[in-house]
Amino acid sequence: MTIQQLSAPGLLPDQSSEFVNNLPSRYRLALFWQVAFLASTILGIVVLTALLFNIVNGAFGLAAVEVKVNPDSLAKEGVPIEDQSKEQLIQLLQETLKPAVYQRLDTEKPFDKRSRSEVYALVIDRVVEPKVMQTWPLFDSLVHRDEVLAEIAAKYPEAEVRFLSWINFKFLTTPQSSQAERAGVRTAILGSLWIISITIVVAFPVGVCAAIYLEEYARDNWINRLIRTNINNLAGVPSIIYGMLGLAIFVRALEPLTSGAAFGLVEDPTMANGRTILSAGLTLALLILPVIIINGQEAIRAVPTSLREAGLALGATRWQTVWAHVLPNALPGILTGTILAISRAIGETAPLVVVGASTFVIRDPSGPFSKFTALPIQIYQWTSRPQAEFRDIAAAAIIVLLALLLVLNVTAILLRNRYSRRL
Amino acid sequence: MQSKERMVGGSPEAIDLRRKVHIGEALIQGFLFVCGVISILTTLGIVFELGRESLGFFTRQVWENTDKTLATAVDPDSTELSLSRGGTGIQAGDLIRIENEIMRVETATGEVAIVVRGQQGTEAVAHPANTTLFRGRRVSLLEFFTGSKWNPQIGHFGILPLVTATLITSVIGMAVALPLGLSVGIYLSEYASDRARKILKPILEILAGIPTVVYGYFALTFITPLLRGVFGQNTVQIYNMASAGLAIGILILPLVSSMSEGALSAVPRSLREAAYAMGATRLEVAVKVVVPAALSGIEAAFILAMSRAVGETMVVAIAAGQGPNFTLNPFRSAETMTGHMVRISGGDLSYDSIDYNSIFAIGLLLFLITLSLNIISQRIVRRFREVYE
Amino acid sequence: MLSLKPIAHPGSRVREVAEVGASPHDRYVIEARGLNVYYGSFRAVKDVNLKIERNKVTAIIGPSGCGKSTMLRAFNRMNELVPTARTEGEVLFHGQNIYAPDVDPVQVRRRIGMVFQKPNPFPKSIYENVAWGARINGYQGDMDELVERSLRQAALWDEVKDKLKESGYSLSGGQQQRLCIARAIAVKPDIVLMDEPASALDPIATLKIEDLMRQLAENYTIIVVTHNMQQAARVSDYTAFFNMDEDRAGYLVEYGPTAEVFTNPRDKRTEDYITGRFG
Ligand SMILES: Nc1ncnc2c1ncn2[C@@H]1O[C@H](COP(=O)(O)OP(=O)(O)O)[C@@H](O)[C@H]1O
Ligand SMILES: [Mg+2]
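Chains as they are written, first to last, in my numbering: chain U, 1 to 423; chain R, 1 to 389; chain C, 1 to 279.
Check the hints yourself; a few may be wrong.
As the list claims (entries may be wrong) - Output of the computed footprint for chain U on chain R, the stretches with three or more beta carbons under 8 Å from beta carbons of chain U:
(1) 177 to 188
(2) 196 to 204
(3) 208 to 220
What the hints assert, rightly or not - Residues of chain R placed beyond 10 Å of chain U at every Cβ, according to the derived structure:
(4) I15
(5) D16
(6) P76
(7) G87
(8) Y191
(9) D355
As the list claims (entries may be wrong) - To give an idea of the chain R side of the interface with chain C (calculated C-beta under 8 Å), a few residues:
(10) R18
(11) R19
(12) I23
(13) K288
These are calculated hints, taken from the structure and not from any lab test. Predicted, not measured: the structure shown is a model, and the values here were computed from it. Positions of the beta carbon are idealized from the N, C-alpha and C atoms, including for glycine.
Isolated chain U, as found in the complex:
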């Protein structure tokens, strides 16, 4: 671009007749585009707001709840169930539940070991059996409350109107269920935490070591150039491809190891397969490895050369210098990069689906060789169901996931601040 092309005619039009005063029109154009650029930016913010609003909108709201058995009818000798003793409640359960169901509940946890409030919760859940007939999004519930109430009154005359928060203590602590009202994210959260722990344990040391190698040891030869280019390319491979790699290598080829059969750690070797937490964690580790390496390299590169020279000039070896001076100074950067990478891994869904997340798990994972589900998997499955209640609990699960990510990122910032201050 040459200077002639850039320059617009001069500022003072009366100086020479060769220039026309086009400044007003140029300013109009400038203003137009400035507004356009700003509008794009604002649009970005609006979209983010819409996204968050949409999630909150789904996770809370009015609901029409119908009960199978009116609790008033369960009153005994004028005592409503709220005031009945534990023994009375147990008796009530025994009378109303099918014997098989009662038996199963008793084996899960004997009734005399349960507290009164637990038994009371059981009565509500199993006997009264509230059922959500329909839910309304938060926005309608607040702004068009009267219309919603009128609609409920018309459609569900029996129903009780409740303001429902899908995300609550019970949601966090109960496992999955085929009914939206009873479903929770306990197994999913535990699964996610297990998977991520394995990912960290594998990817962090390997990634940091690879970064140290590339920055501190690697000479400029073909193999090291190959490693560098390769890492950059790997960072751009779609995550689903990693899922296929995990499926072919960890789940299938290394099945004896990843299923735990080789270690004799599975109860039933015939049922064991490689679709375990371990396979999922390893797959995600491969996925975030390039990100950790690239961030690690940047952090190490940012350590001034003068520090390395000072160390080496004292007769320290490479590793002594790296360990004592380079790594401590690169650590905040490395940690931040790693936590960003882990945040990415926590939200990854596609590779886990491909590696073989289970569609229905109600038992807590007991170790690396358990079947797994994870928060994003749960969100995906619930979102894919046509019923509105499942969309709502998907929204609630999203809030849990975003909260987890938030905690992680805040930790990253705190860690970074703490370490940088020590310098």
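Place chains R and C with the ligands on chain U using the hints.
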């Protein structure tokens, strides 16, 4: 000149400078190197596994329904089959399958075929009349790339419907993300005050950090109803490519804007000052000087964004619909390459099934597309760096 | 007469360095022979022959970019840290060529320490800065005592004795540089290389560093690069003047006792440089 005796140094306590074997150092360096090499192994693993299973896809015997049936029952040692009319013809040399038995056709004339029974380890058994004949064949690359139907279970191996769906969602995504992302980049680098930038950049980072499955939810529960409200319930299907494409656009917007912003702010100040000094307005400086100077950086961002859009999975799996559909109408439902891979592998996929092989073939194609895009993008970035660093 | 290798560059005039020193046996501690240093294909130092006398301060002077730092860093193999750098020729230290294949650069640097242009303390405590080098080199003695002695030798003890736990960065620039000197001498090197150690400091701090160099010369051999003529004249016993040829390759022009080089330069180029006519 007396020379040799006056050697330098040689002090009484002779100093040993010789290399000692630092076993620890060597071990550490070796370990670090191995860690570096793991990335290469990952790539090799990807290429090898995708390649191997794809090879399995293109070499495996697939059984195609001939729409022919046995006209009469056959007993285990009869080599002559009488066949019904119609359906696809059978030729000498073909492998055919009736129930579980595989046979090789010696001669075939009209409705009669002479076969060798019990091929490939199968056992010759009796078959009743009206049993369907399947003909064995292999998937050709030509069919793979030009066929317009994809359903491996019943012998349709044309990847076009998946590719067009991927193209449509990506193009819509790009149409949203490129102009918006570039505008945001220009705004941040050329217009925004330091304070505004300090607020806006974290917002974009938040947007970039949201898991893609959340965008899928957003597409399905927000964008789709919006589209259906605007264009009508009948025009827009519940699952549609437009909604997925828009969500992809939002998803890659932060990538485009932050990379463009990076490229724009790398343009030296002197260039801007030169243009201002000639009486250019801020817009003229931004659009006619800075953007052209940062063009290759911006190009690289665009191409990387394209690669992200093509490889994006969860949004399309949730919002674009299930089942391959060869259509160019963005308001219709259609499955993309990634969407198909997720759906197929979501079930209990058994190894060595045609489905298993086929998703690896799709995966290989996807890998090659994104890899080429990434390599192009890196080339461009390198060129850009050479200019300004 | 002294033994001098044939003069490599047609223009160099290397005075015989003679007279001083007790035992001729260990009078010279390090010597460069036919030294060439390249960065890629660019030759930064050309055919240098130079002997450094024990327990003296030797100054390397010359115009900017003539290869002084490169020359200095060739004495303890620091150039190797630049991937493109390549060294030819020999550097004899106690009679051994430090570039011989079986020589470990780590051993070399342990005995030939270095102080850099910009103070570069480790981002650790003052105590740790001094102790670290000794510790990794397997120092067995009393660390507190070593730290104190090194800091005293570096004329820093009185200023920092109450805040040894504080970060090295809490010190002023001049103090930081003396801390770097203390750190270098804590591993008891034979030679301390200093690359313009005072150029980033104010005049008063500079003066302190110069005094320090004179004191250190009692126990150490010091080679100092400087572009400050007065400094070279004040602190050094010997001066080597470098210049560059038309290919920008640095070569040794003149070398001898500082007094002679400054008052009675044999080479016209040295005279021009010293009197400020170029450089
Ligand atoms: N790391 C390097 N890579 C390439 N060239 C270098 C490097 N360091 C120095 N040079 C070149 O070598 C020459 C001598 O540099 P230097 O020894 O730093 O000179 P001085 O210290 O005398 O100013 C200069 O031309 C410089 O550009
Ligand atoms: Mg220098």
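Verification of the supplied hints:
no.	hint	in the structure
1	177 to 188	holds (count 7)
2	196 to 204	holds (count 3)
3	208 to 220	holds (count 11)
4	I15	holds, 12 Å
5	D16	holds, 13 Å
6	P76	holds, 35 Å
7	G87	holds, 36 Å
8	Y191	violated, 6 Å
9	D355	holds, 12 Å
10	R18	holds, 5 Å
11	R19	holds, 4 Å
12	I23	violated, 14 Å
13	K288	violated, 39 Å
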